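S.K.: When you get a sec, could you build the whole thing from the sequences and use the hints?
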Amino acid sequence: MAKIGNIDVGDFPLLLAPMEDVSDPPFRALCKEQGADVVYTEFISSEGLIRDAAKSTMKLDIYEKERPVGIQIFGANLESMLQSVEIVEKSGPDIIDINFGCPVKKVVSKGAGAGILKDVDLMVSLTKAMVEHTNLPVTVKTRLGWDHDSIKILEVAEKLQDVGCQAISIHGRTRAQMYKGEADWAPIAEVKNNPRMHIPVFGNGDVDSPEKAMEMRDSYGLDGAMIGRASIGYPWFFREVKHYFKTGEHMAPPTLEERVDAARRHLQMAIDWKGERLGVFETRRHYTNYFKGIPHFKEYRMKMVTSDDSIDVFKAFDEVEKEFAGYEFA
1 MAKIGNIDVG DFPLLLAPME DVSDPPFRAL CKEQGADVVY TEFISSEGLI RDAAKSTMKL
61 DIYEKERPVG IQIFGANLES MLQSVEIVEK SGPDIIDINF GCPVKKVVSK GAGAGILKDV
121 DLMVSLTKAM VEHTNLPVTV KTRLGWDHDS IKILEVAEKL QDVGCQAISI HGRTRAQMYK
181 GEADWAPIAE VKNNPRMHIP VFGNGDVDSP EKAMEMRDSY GLDGAMIGRA SIGYPWFFRE
241 VKHYFKTGEH MAPPTLEERV DAARRHLQMA IDWKGERLGV FETRRHYTNY FKGIPHFKEY
301 RMKMVTSDDS IDVFKAFDEV EKEFAGYEFA
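Per UniProt numbering, the very first residue in the sequence shown carries number 1; after that it's consecutive.
For the record, the hints were derived by calculation from the structure and aren't laboratory data. From a predicted model like this one, the values you see are computed outputs, not experimental measurements. We treat Cβ as the ideally placed atom computed from N, Cα and C, and that holds for glycine. Check the hints yourself; a few may be wrong.
Said to hold, decoys possible - Okay, derived cross-link-like pairs now, EDC-like style, lysine to aspartate or glutamate, Cα gap no bigger than 20 Å in a straight line: (1) LYS315 x GLU249; (2) LYS315 x GLU276; (3) LYS315 x GLU282; (4) LYS322 x GLU257; (5) LYS105 x GLU47; (6) LYS3 x ASP94; (7) LYS3 x GLU257.
Unchecked claim - Have a look at the derived ranges for each label pair, beta carbon to beta carbon: (8) THR134 x ALA325: 47 to 57 Å; (9) ASP308 x LYS246: 23 to 33 Å; (10) SER150 x LYS55: 24 to 34 Å; (11) THR306 x LEU78: 28 to 38 Å; (12) GLU132 x MET302: 45 to 55 Å; (13) SER150 x SER219: 25 to 35 Å; (14) GLU323 x ASN193: 50 to 60 Å; (15) ASP162 x GLU323: 33 to 43 Å; (16) ASP309 x ASP52: 56 to 66 Å; (17) LEU278 x GLU299: 17 to 27 Å.
M.R.: So, in structure tokens, the structure goes:
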């Protein structure tokens with residue numbers, strides 16, 4: 001049984017990764033319904049929080065049905081990070097997660113996200129200060145290293161644990177790789193198998209099938225899997241993994257009706273939470289996967305991703321439901 005601080009998160013928990021413009025409350029709710037054990041917010045800028053930037057503070061919204069839920073923050077300035085911890089605490093999360101893994105240039109250029117992998121001492125001192133500044137469990141999400149020649153994840157994980165980090169999620173790529181090539185889970189397993197490590201070690205990267213989740217559990221011995229891209233537009237991934245773990249068999253994919261219902265609910269929750277314009281815009285990336293496999297779907301997809309009016313998108317859902325009634329997904 002994995003524990004983050006005093007929080008039981010189950011036997012090989014499935015965690016929804018923090019993803020910018022994806023892991024918002026509507027999507028987290030859908031993933032939670034489908035079996036996600038722990039969910040994380042989109043990553044939030046510490047500088048944005050202390051400036052009271054609207055986009056940053058909005059991301060602090062969490063709801064009881066999501067628990068356990070972690071709020072993830074990023075930054076490289078100690079004072080800003082500590083101030084942001086105080087702001088985050090007021091939202092009542094179960095976990096505070098630090099992003100030391102985002103590879104995006106605009107984050108890295110400020111020395112934050114994966115940029116801090118160039119300065120392990122700063123990474124450790126920031127984590128230590130944050131642990132000492134809150135009673136909430138502090139966790140870290142990071143990558144193997146800056147590049148192939150500077151992988152020190154075994155040493156880094158030990159140091160983070162020693163200053164009070166309560167769990168670590170490791171993406172099996174370096175910053176230099178971005179999202180290219182295959183994730184390497186072997187160094188993550190080395191962290192887990194280090195006899196000095198006693199906190200949960202979660203794997204991240206390329207878990208896109210129930211078989212891969214099982215491989216991460218049984219062959220690499222990790223404590224859980226953090227799911228990112230495989231869940232976008234497909235919250236059912238969590239239940240499918242759990243079904244496979246339990247039975248060794250693949251469960252039937254969601255029906256057309258389930259997919260349309262989820263898409264409708266997702267869009268409506270997004271509009272309710274962030275307004276018509278953003279709600280319509282930020283759910284577009286999900287539709288391809290919601291309806292993946294339907295033949296000659298391009299006409300309907302274009303309606304869904306080009307309309308700025310939710311009425312038109314809802315009409316497109318209705319058309320798909322009528323046109324492809326009874327369609328069986330492989």
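S.K.: So, for every hint listed, does it hold in this structure?
M.R.: Structure-based check of each hint:
Between LYS315 and GLU249 the CA atoms are separated by roughly 36 Å; this puts the pair beyond 20 Å, and the hint is violated. Distance check on the hinted pair: LYS315 and GLU276 sit about 15 Å apart at the alpha-carbon level, within 20 Å; holds. Only pairs whose Cα atoms come within 20 Å are accepted, and LYS315 paired with GLU282 is accepted, the gap being roughly 18 Å. For a cut-off of 20 Å, the pair hint linking LYS322 to GLU257 stands: about 10 Å separates their Cα positions.
For the given pair, LYS105 sits about 17 Å from GLU47 by alpha-carbon distance, which is consistent with the 20 Å threshold. With a C-alpha separation of about 12 Å, the suggested pair LYS3 and ASP94 falls inside the 20 Å cut-off, and the hint holds. Simply put, LYS3 and GLU257 have alpha-carbon atoms about 37 Å apart, too far for the 20 Å limit, and the pair is violated. Between THR134 and ALA325 the C-beta distance comes to about 52 Å, which sits within the given range of 47 to 57 Å.
Between ASP308 and LYS246 the beta carbons are some 43 Å apart, a value that contradicts the proposed interval 23 to 33 Å. Our hint of 24 to 34 Å for SER150 and LYS55 holds, since their Cβ atoms are close to 32 Å apart. Judged by the Cβ atoms, the range 28 to 38 Å given for THR306 and LEU78 is violated: they are separated by roughly 45 Å. As the Cβ distance of GLU132 to MET302 is approximately 52 Å, the hint placing it in 45 to 55 Å holds.
Against the hinted window of 25 to 35 Å, the Cβ-Cβ separation of SER150 and SER219 comes to about 26 Å, which satisfies the hint. Checked against the hint of 50 to 60 Å, the C-beta distance between GLU323 and ASN193 comes to roughly 52 Å, which is consistent with it. For ASP162 and GLU323, the hinted distance range of 33 to 43 Å is not satisfied, since their beta carbons lie about 59 Å from each other. A C-beta distance of roughly 31 Å is found between ASP309 and ASP52, which places it outside the suggested range of 56 to 66 Å.
At roughly 25 Å, the beta-carbon separation of LEU278 and GLU299 lies within the given 17 to 27 Å, and the hint holds.
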